[in-house]
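Asker: As a plain string of letters, each chain reads:
2 protein chains.
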Amino acid sequence: MVVEGVEVVCATHPDARFLLFGNEIRIAPLLERLPRAKAASSIRHTDDEVSDDAKPSAALRMARKSSMRLAIDSVAKGESDAMVSAGNTGALMAMSKFVLKTPPGIYRPAIAAILPSHEGDVVMLDVGANIDCDADNLIQFAVMGEVFARIVLGLEKPSIGLLNIGVEDLKGVEAVKEAASVLRESTLADCFFGFVEGDDIAKGTVDVVVTDGFAGNVAIKTAEGTVKMMVGTLKEVLGSSLRTKLGSLLAKPALDHFRRWIDPRRFNGAVFVGLNGITIKSHGGADAFGFAHALDVAIDMALNNFNEKIKEEFELIELKGEKKSPAAAI
Amino acid sequence: MVVEGVEVVCATHPDARFLLFGNEIRIAPLLERLPRAKAASSIRHTDDEVSDDAKPSAALRMARKSSMRLAIDSVAKGESDAMVSAGNTGALMAMSKFVLKTPPGIYRPAIAAILPSHEGDVVMLDVGANIDCDADNLIQFAVMGEVFARIVLGLEKPSIGLLNIGVEDLKGVEAVKEAASVLRESTLADCFFGFVEGDDIAKGTVDVVVTDGFAGNVAIKTAEGTVKMMVGTLKEVLGSSLRTKLGSLLAKPALDHFRRWIDPRRFNGAVFVGLNGITIKSHGGADAFGFAHALDVAIDMALNNFNEKIKEEFELIELKGEKKSPAAAI
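So the protein lines, in turn, are chains A and B.
Numbering (my numbering) for the first sequence: 1 to 330.
Numbering (my numbering) for the second sequence: 1 to 330.
Watch out, some of these pointers could steer you wrong.
Since the list gives no way to pick one copy over another, a pair counts as held whenever it fits inside one copy or between any two copies.
[Unchecked claim] Calculated pairs, SDA-like style, for lysine to any residue (alpha carbon to alpha carbon, straight line, at most 20 Å): (1) K203 / K228; (2) K228 / R260; (3) K55 / F289; (4) K97 / E308.
Just so you know, the hints here were simulated from the structure itself, not pulled from any lab data.
Can you make the complete structure from the sequences, with help from the hints?
Answerer: Below you can see the structure in the form of structure tokens.
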């Protein structure tokens, strides 16, 4: 899947070069069948790998020669511009944090993911790195999400919403309320829409949905699961009789369009934002097309100096502020 | 919408009787056109009502003669077996808690909602009443959800899952972990599946999804929003050309089946569980069919002595336990 993904992405990015970290004995024969991928890649052999059930803390301590760690090290050394892994998310985050570290002013990295909406793609963060978030974390996610939407989604002036729940007085946790009041007074006030609810994600009410890693992970997985269930059921009902089969044959261009639009592979690639280096997590179950999409996002971010722009944004914001803490200074 | 919903439900429940709380001058003319609803209903006039933007605390203090409050009072007095409202959720919860109170052993009521899944309907709770939940709350939601699934969904032995996130070591908040370890040692251990993630809701991995009110509200609204977006886009693409229109005409029986299955009106009616009385919140935007569904759920729960069964379950569970706190005793 990884080497086939490289082959796919070579078509759109002929200048890209790839370092493949892993077992040469397994990788080399796969490359033999893929001429473009072979020409664009070098293998960095290692026997060690991080297993899917490894604890992040253990992986960090023990797996210093693993393919995952060596790939991150290569980003830290400046040898690679970005790294993409389909491995253990927790270990990937722990190692990336340890090796790449957060730039000044960013307390914690977040995981950003892209979702389809009625009004175009939406970025949501955090979708799983931080379970408990305070107002400062949420505000920093908002800043990083805004840059992400400009660079990866290509939007000129993205709008930002804070995920909340709409049960009137009970509304929202303290951190969410506090983050909202700071953002309303910040230089980002123009972009800040206010609170959004779960259904606003698919509506596309805002371009950037900011939330903690627990609610964000629940939201993204619930959306994915709902899409899968609906596509599966639609397939079942449309194949249920000769008449419906004929009908869906006629409607095929439309249904294909629908499937492409909702294709989860198009949204593969969760980006770790807020680190001195680009790390992207591809879904473990992704195919070559999905993995190629994650590589695409990595290349886009590297070509557009994503991390430099994040730093600039934070510096700009600090300059305009008056208070001391980077968050309060916005 | 309310009186039309009564008319709809009279067809399936000819023995049901309705007390309509509100402004007689507005309600009476509406009933004139609906003979069955008129015959089954009595109007309890009041001028006062709780507005949608009223604060729950203010509604509780001030609106003692409001239609909402009088309807809840009528449940407390035993005059009504259940109440259904399409009004202010926060006020409805605050008043219901204050008037009906929780039975012994239940610390906090929760809001339960039914969702479609690939394996049949699923109940999720809490979907908005309690933002911060400790392990005891989650355990009590699990017990109430199990009874709900038996009575409302008609399942013999429902399975229970605790909503969590799957980022390995970072996995889950303390309360979720603690609730899981208590449930694994409880008399509910046979029904307890363990942790589930957002995508398990639509997969139907379990019959009962237990979570706090923040994540639950985010999940249910995200699922609703995703369904709406997909149905809307499907409609658009199928109507895009003569050919696709013809195709969807042929596939109409299948598409209609699909629409019925996913119809949000079929899932209208969020139930407040854990109170000495049945209170159901109908969606503010529901139509007569949706409101009738909420009435249906109320009638089902009343006929099946839902609250008695919850109490029995808690007593049974306490009897089998050895420790003092109701939660630890499970």
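Asker: As a check of your reading, is K228 near R260 (CA-CA no more than 20 Å) within one copy, between copies, both or neither?
Answerer: both (13 Å within a copy, 18 Å between copies)
Asker: Up to 20 Å between alpha-carbons, please classify K55 paired with F289: within, between, both or neither.
Answerer: neither (29 Å within a copy, 51 Å between copies)
Asker: What label fits K97 with E308 when the C-alpha limit is 20 Å: within, between, both, or neither?
Answerer: within (17 Å within a copy, 53 Å between copies)
Asker: Treating 20 Å as the Cα threshold, decide for K203 and K228: within, between, both or neither.
Answerer: Answer is both; intra-copy 18 Å and inter-copy 8 Å each pass.
The structure fails hint 3 only (numbered hints given earlier).
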